[in-house]
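In order, the protein sequences belong to chains A and B. With my numbering applied, the first sequence corresponds to residues 1 to 358, in that order. With my numbering applied, the second sequence corresponds to residues 1001 to 1156, in that order.
Worth flagging that the hints you see were computed from the coordinates, not collected in a lab. Backbone N, C-alpha and C fix where the C-beta goes; we use that ideal spot for every residue, glycine too. Among the clues, some could well be false.
Unchecked claim - Partial list, derived from the structure: chain B residues whose beta carbon lies under 7 Å from chain A:
#	residue
1	1025
2	1091
3	1099
4	1116
What follows is each chain in one-letter form.
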Amino acid sequence: MFEAAVKAYVDAGVNARKDIGSFLTAAEDYWEGYSIFDEFVPDQLGAVLRSVCTIGGDGLLAISNGAMQIETGLFDVVAVEAHSKASDMLTFDGILSHALDPVYNRAFNAHPYFIAGLEMQRYLHATKTTREQCASVVVKNKHNAMDNPLAAFPADMTVDEIINSTMVSHPLTQRDISPLADGCIVMVLASEKKAKELADHPIWLKGLGWYSDTPWLEARDWSAAGYTNLARDRAYKRAGIKNPRKEIDFAEVDDCFSYKELQHLEALQICESGKAGKLAEAGEFNCDGSFPVNVSGGRLGAGNLLEASALQSVLECVQQLRGHAGKRQIKNAKTAVAQSWRSVPTASGCVAVLSNEL
Amino acid sequence: MSFDKIRDPRKLRHQIGHMECDYVYTAGVAGERFYLALREDGKLLATRCDKCNITYMPPRMYCDKCFAELTNYKEVPLTGIIESYTITYFDMDGEVLPEPLVLAFIKIDQTDGGLIHTVGNIKPESLKIGTKVKALFKDKAKRTGALTDIKCFQPA
C-alpha cells in the first residue's frame, strides 16, 4: 500500500501530508482478517491525523464518495485506495460463504459459486448466448493480459480448454472464474481547478453511478444486471452520453465470471441484449476490434483483486486515456466506461465514465 | 519476474490467526412464521403488498417497492417452475461435495418470488428451465423448522 501510495502521489505531484485533505479506502474486514480494519489504514497512506473513512464497497464506490467529498467544496484533493491481500486468506471459500443469507441460503452447504451457475444458466437461456461464447471471453482476456506487465494470469488458452476445465457449478467451470491475486491501487482525485494546476492533461470523471439490488436471491431478476442498468443511467446522464456505442471508445467491465462481461456490456448498452456473445466470438471486443473490452486483461487475466478490482478497471482507463498503455495502447481513445460488481452473492455495482477531454 | 517471487505467505515470517465467528442467526418476524408453517403444516406462507400487487416468497416484513409494513400472510401453492438450475460440485469450504448437488431457483406459483432448493427424482440431463415442480416434504416428525423440511422439489 505504501508503494502504491508513493507512486500515485508522485504521479499527481502532491505531498500527502500537505496537499491531500481526505483519504478513502474500500475495504471489508473479513477480507483483511482484522476487526475494525479501518483503523489500520492511515499509516501506509500518509493519512495519520487526517480525514479518513472506509467504504464498505468496491473501489469505484470509494471514488464516487471521494468525488462527492470534492463536490462539497470541503476538499480539493482526495486519495482513494483499495487492495487485495488474497494470498493471506487461508479460508477464502469459508469467508465468501459467510456472505450467504444464513436462514435461506446456507442449508445445502453449497459453495456460493452456485449463484453464478444459476445466473449463467439463466443468462444463456434468456439471451441464447452459447457456452462457447462465454469461453471466448476468457480466451480474450487472458490473451490481453499478456501485454499487461501487472497482470497475474496471462495465458493463451483455447475455448475447449476452458469448457473442459473442472466443473464448478454447471455450466460454470474453473476457468470461467477469475483467480484471486494480490495488489494495491491508489488514485488521487482533485477538483477541476486543482486538477488544471496539477496536470497538463488530467483525466476527467464525467459521470458516476452506484446502485444495489435486493440482497434476496429469491427476488432477483436472474437474467439481468439490474444494478448496472441503474448505475449506467445515472453515470451516462451526468456525462451527457446518449449513444454509448458511438460516444464511448472502450470499456473495462467486471468479468469476475466469464458470462458477466457479456451481461455487463449489454447492461451498459454497448450492444443490444443478447448480442454480446456473438460480438465477443467475432472478435469485436478484442484489442483490435471495433470496441475493445478489458484490454487490461480484466479480472480473468489481471486477477480478481476483490474490492480493488474496480480500481484496476479505472486505472486501465486512465492509462489508456493518457496514452500510457504501452504495447496495448488503444489508438485515439477519448472516452471510456469502467464498471464494477462486488461478485457473488452481491447485486451491487458502479459505473464511471472517464475522458481525456473536459 | 513472477516465477521467482514467494507466492506462499507461510514461507515468510508469519503468524497464523483464527477469526472465530460463531453467531446465532434468528429468522426474523416473517421468517419465523414461514418456518413454523413449513414445519407444523407443510405449507408455504407468503406476504402480500396489495398496493404494489407483489406477493413475496419467502415472506417479507416490508415491501421492497413502497416500504410498507406487510402483515397480510397468505398460503401459496407448493408448486412452481424451474427458472434456472445448476449442478454444483463444491461445498462452502471449497471442498468437493460427496455427491454433486442439483440446485434450482424455483419460482413459486402465485408469487413474485421463489425458493432456492434441490431438485430430486429427475435425471440431471433431463433438467430444463420451465419444468413444473412440486415440494416434497419430509415426514412431520423429522421436520426441524428449516428449509430442509422440504426434502426436495420433484417434477409435478
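Going through the hints against the structure:
1. 1025: 4 Å, holds
2. 1091: With Cβ-Cβ at 5 Å, under 7 Å, it holds.
3. 1099: 11 Å, violated
4. 1116: Where the cut-off is 7 Å and the nearest Cβ of chain A is about 6 Å from residue 1116 (chain B), the hint holds.
The earlier numbered hint that this structure contradicts is number 3, and it is the only one.
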